[in-house]
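2 protein chains.
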Amino acid sequence: MKNVAIGVDIGGTNTAIGVVDTEGHVLVKNNIPTPTDGDINLYIAELTLSIKDLINSVELLNEDTEVLGIGIGAPNGNYYNGTIEYAPNLSFRGVIPFVKLLREKFPELKAITLTNDANAAAIGEMIYGGAKGMTDFVMYTLGTGVGSGIVVDGNMVYGHDGFAGECGHTTLIPGGRLCACGAKGHVETYCSAPGMKRTAFEIMVRDNATTSLLAEKSYKELDSKMIFEAAEKGDKVALEVFETTGKWLGLALANTVHHTSPEAVFLFGGPMAAGEYILKPTRESMEKNLLPIFRNKIKILPSQLKPGDAAIVGASALVYKELQGLS
Amino acid sequence: MKNVAIGVDIGGTNTAIGVVDTEGHVLVKNNIPTPTDGDINLYIAELTLSIKDLINSVELLNEDTEVLGIGIGAPNGNYYNGTIEYAPNLSFRGVIPFVKLLREKFPELKAITLTNDANAAAIGEMIYGGAKGMTDFVMYTLGTGVGSGIVVDGNMVYGHDGFAGECGHTTLIPGGRLCACGAKGHVETYCSAPGMKRTAFEIMVRDNATTSLLAEKSYKELDSKMIFEAAEKGDKVALEVFETTGKWLGLALANTVHHTSPEAVFLFGGPMAAGEYILKPTRESMEKNLLPIFRNKIKILPSQLKPGDAAIVGASALVYKELQGLS
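If you read the sequences in order, they're chains F and P.
Counting from 792, one number per residue, gives the positions in the first sequence under the working numbering.
Counting from 792, one number per residue, gives the positions in the second sequence under the working numbering.
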């Protein structure tokens, strides 16, 4: 008997679905568009079809497969209610009872469970990745935004309302950069991939750095990968972007450490491709901003989830975590 | 049979000891000086004597009393190890195995347990106070410093190292006011009682407010009680101190809410005597700084622990919490 779980990652434009084994390997996967017209019933029907197709194809390979459940990572996903609530990047309005709708299609499964994408990534890290065996850690996901998941005593912190772990929307600099959420100075505006771009232009403006490699790109097209490539060529502006981003990220991590005292902080996302360019200044800044009782104890580690599959794998891990809790 | 627990609150100059019943009433209490010469063995001997005296006096009143254990609130108290580690305000050097030393004197007790004072206050609130029945809440203690205790799923968050909940040492304003810990811009430097004093002088300097009631006090003597009294008389500077302190405190609380999504935040300490002067701007600022998914949900409440006895009562609650965990 081979146990598998379905991982579903709901993004603004695309929904990725995969069948994942207990070691975190994606056996088969598929994609469907996330609707832009708000039609949830049609979407649930298409998602159901896609999941059943994938289950069939896995069972063709190995008849003795048991599908334990479906884990879903979604923006503004509420773990307690199984709902997606007022997600600004999705077309569905209000509160969507996502797990309930999917449960009607899969009454036989042991677990159907949903949380936000950063929490799913943290659980993925705990079940399959670098956080195996850790009971207290934090995951920061650096992408278009900054997400986070906090694990205490081996359990995901969902909080009273199921929405805990929004460290990207804590305030780093009061009155600072405008955040997508409408507030100012949030961690996300400095430490996300677009935050790095903003820092790059801030430095170019300050120094009038017309000879920087980054000065050849428009504000719209510059991204964190280009900044990394320029840093590798020794571009001064690009190198300073990593120093500055690390300085801010380290401060944000220190604030989180002072809350829950984790063993390690995992970092996940595009900017992490830059490795030590971002890790070194982040470590230095975090240490500098920690109380002495926390210093030289807390590891900052790159996520060990595979970038391409991480969202699916993380979502599928929700199922195993849920069944651990039930057993 | 009447169950009681001993609460011990270790302060920089004074140690308060009390016998507390299961409803949080202090039956008898005592004080001994906290030594300034670092002699831990003499201190343990004196503390033991004082505890035994108190137990005897309670047993004289009611023969059928069982002492369940001793709970200790101490600066830099480590719950996991039962140690006091490098506490800057105590004369003991290095790591003191406090619980072990006390256990040798009281081998018969069911529980001897220690944590920092803010965590003890949070557990006190949970066992005896306004947080009864809540599983997810946060306690901020506003005094000479700002301490905090975080409860998730009904359990105190101690973290990997036993030192979680140092929200007073998260950074509110990078590069801001110098903190007692040596860092800059910490929450404590704006939201503690001395932080309010600093804000008062900042406002007087800005406005050259020589006619303010607060302008009659020296920098050394002005305290949060005087600011409250001046606010009640309509003093403009004093009123603005509360507005400003609330603005900063609300921002700090929003950052914490974004971490663990509590049901309520409890505020404890001297500045809370000012009631709505501090609560109203704090609530407004917290709401303003929360993501929409958190708005209009999280209560800010004054602690229901009695100011004079709270530290002893909170420390004693550690014993009941510990025994709940064991049962």
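It cannot be assumed that every hint is accurate.
As the list makes no split between identical chains, a pair holds if one copy fits it or if it spans any two.
Unchecked claim - Pairs of lysine-lysine residues, derived as DSS-like cross-links and limited to a Cα-Cα distance of at most 27 Å, are as follows: (1) 1038 with 975; (2) 1071 with 820; (3) 793 with 843; (4) 975 with 1079; (5) 1088 with 1027; (6) 1027 with 1038.
Read the hints as simulated data drawn from the structure, not as lab findings.
Checked hints:
no.: 1; hint: 1038 with 975; verdict: both (18 Å within a copy, 15 Å between copies)
no.: 2; hint: 1071 with 820; verdict: neither (35 Å within a copy, 52 Å between copies)
no.: 3; hint: 793 with 843; verdict: within (17 Å within a copy, 62 Å between copies)
no.: 4; hint: 975 with 1079; verdict: both (25 Å within a copy, 11 Å between copies)
no.: 5; hint: 1088 with 1027; verdict: neither (32 Å within a copy, 47 Å between copies)
no.: 6; hint: 1027 with 1038; verdict: within (16 Å within a copy, 39 Å between copies)
Hint check: violations occur at hints 2 and 5; the rest are consistent with the structure.
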